[in-house]
Amino acid sequence: MHVHVDRERCQGHNRCYALAPELFDVDDLGNSFELNDGVVPPGLEEKARLAVANCPERAISMSE
Amino acid sequence: MSSQKHPPVVDWATDFDHTDSEWVADPYPIWDELRRTCPVAHSDRYGGTWLPVRHEDVAAVAYDTEHFTSRSVVVSEIRPGPDDPPAPIGLAPPITSDPPFHAVARRLLLPAFSPKAIAALEPLTRDLCRELLDATDGQAEIDAAVDYARHIPLRVIIGMLGFPQEDADIFRRFVRMVLEDVDQSEEERQELIVAGEIDEYIDARIAEHQAEPRNDLTTYLLEAELDGNKLELDHVRGTMILLMIAGIDTTWSAIGASLWHLAQHPDDRKRLATDPGLMPSAVEELLRAYAPVTMARLVAEDFELHGCPMKEGDWLLLPFPSANRDPEMFPDADEVILDRAENRHAAFGLGIHRCVGSNLARMELRVALEEWLRRHPAFELIDPSAVTWSAGQVRGPRTLPVRILG
Chain A
1 MHVHVDRERC QGHNRCYALA PELFDVDDLG NSFELNDGVV PPGLEEKARL AVANCPERAI
61 SMSE
Chain B
1001 MSSQKHPPVV DWATDFDHTD SEWVADPYPI WDELRRTCPV AHSDRYGGTW LPVRHEDVAA
1061 VAYDTEHFTS RSVVVSEIRP GPDDPPAPIG LAPPITSDPP FHAVARRLLL PAFSPKAIAA
1121 LEPLTRDLCR ELLDATDGQA EIDAAVDYAR HIPLRVIIGM LGFPQEDADI FRRFVRMVLE
1181 DVDQSEEERQ ELIVAGEIDE YIDARIAEHQ AEPRNDLTTY LLEAELDGNK LELDHVRGTM
1241 ILLMIAGIDT TWSAIGASLW HLAQHPDDRK RLATDPGLMP SAVEELLRAY APVTMARLVA
1301 EDFELHGCPM KEGDWLLLPF PSANRDPEMF PDADEVILDR AENRHAAFGL GIHRCVGSNL
1361 ARMELRVALE EWLRRHPAFE LIDPSAVTWS AGQVRGPRTL PVRILG
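Here the protein sequences come in this chain order: A and B. Those letters in the first sequence? Residues 1 to 64, per the numbering used here, in order. Those letters in the second sequence? Residues 1001 to 1406, per the numbering used here, in order.
Treat the hints as calculated values from the structure; they're not laboratory data. Mixed in with the good hints, there may be bad ones.
Unchecked claim - Derived lysine to aspartate or glutamate pairs resembling DMTMM-like cross-links, with alpha carbons at most 25 angstroms apart:
id: 1; chain 1: B; residue 1: Lys1116; chain 2: A; residue 2: Asp25
id: 2; chain 1: B; residue 1: Lys1270; chain 2: B; residue 2: Asp1383
id: 3; chain 1: A; residue 1: Lys47; chain 2: B; residue 2: Asp1011
What the hints assert, rightly or not - Partial list, computed: chain A residues near chain B (C-beta under 8 angstroms):
id: 4; residue: Leu29
id: 5; residue: Val39
id: 6; residue: Pro42
From a predicted model like this one, the values you see are computed outputs, not experimental measurements. Where is the CB? At the ideal position from N, CA and C, for every residue including glycine.
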């Protein structure tokens, strides 16, 4: 499973970073990016799903 | 509570007024009804104002910076005049700025409000909350809005700017004039604004910081550069004014409304007091259900939304609190569900104007609730009818008398 942040859509709400800091980090401006090339380690699938479902800008996508 | 200066509203679809006492007391039934019957309402008041209430439409307007300008974001009897700074900069950049200047002005501010920068302010905020609780310790009755909530964001912003804490009243008066007295006549408001107290005050603080630079946001703004040049003083002053207007009443309102909810919902209160792990989702849910801020835009060029003919210069209210209660977006939208797992709420807006201070506001709200519940795990409203709410585009309790139990 992979997650990806669309940097054009991300406005820095930081919901993903708060919910899944293992999967996302933020830059100096507070905008989010995925860690580890977006690879979701086993056991973190639910956190990935929550991050997607809580982004107000729908900036995060998930793929198998 | 606002003194009613405008005639009472009879028809919310064609004559709404966000300072009407019915809206001030409880706007949610008004928005619910409009969402079902007239999702884009219109009023001739304030020279012509539109009101989309569905999440979908609020989002569409927030994303459309071409047809809607942020040049003025507070609906009042005064529109920006020919002497005011033109788009794309506006009076208080970046909230009043449009693209492309917006992104540049915003980028300057973002590092000071990033999650990591804000985390550093948490210990100070926690100490401040404890001091406030110490000051009312032993009292059986406390005004949670006046004696607690309102001081927290005010003191944090003053601290960030490096201004003297004794000057809190100047800020408080200024913010009230801008945000709450919007139903005053043009002459009354003009008189308050031109009085110029706040500009003189800020200029004096700027001069002090120029003479003696410090490690605070004022010095940061004075030293910041845009395209190799220091910021114009008007830009610095405007941004400071923005921080006061956007950073004080808003979070005061969110803390107060959350305590108001907990005072009336003992089950939620007990769960939150005993299960700290619930706090992150609870903060988001309280922000969704009681989002304080309704933004505004001016129509930049004629536009049709669901057949409504919006004309250049019309106001448009952008009620994020109504978007957050849209049942199309949120199941059981009127229920507060502290562990709601999926919550794409728009309390901090959507699109390029997402609240710059959202990380700060979240931290303040969480810390304020944690410290209050630690000291007062059990409390209730003394008299629900004694609670008063602010009028205008920032909604929260302004008096909130609670009884401490146990």
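Here is how each hint holds up against the structure:
no.: 1; hint: B:Lys1116 to A:Asp25; in the structure: 11 angstroms, holds
no.: 2; hint: B:Lys1270 to B:Asp1383; in the structure: 20 angstroms, holds
no.: 3; hint: A:Lys47 to B:Asp1011; in the structure: 46 angstroms, violated
no.: 4; hint: Leu29; in the structure: 4 angstroms, holds
no.: 5; hint: Val39; in the structure: 23 angstroms, violated
no.: 6; hint: Pro42; in the structure: 21 angstroms, violated
Checked against the numbered hints given earlier, the structure breaks hints 3, 5, 6 and satisfies all the rest.
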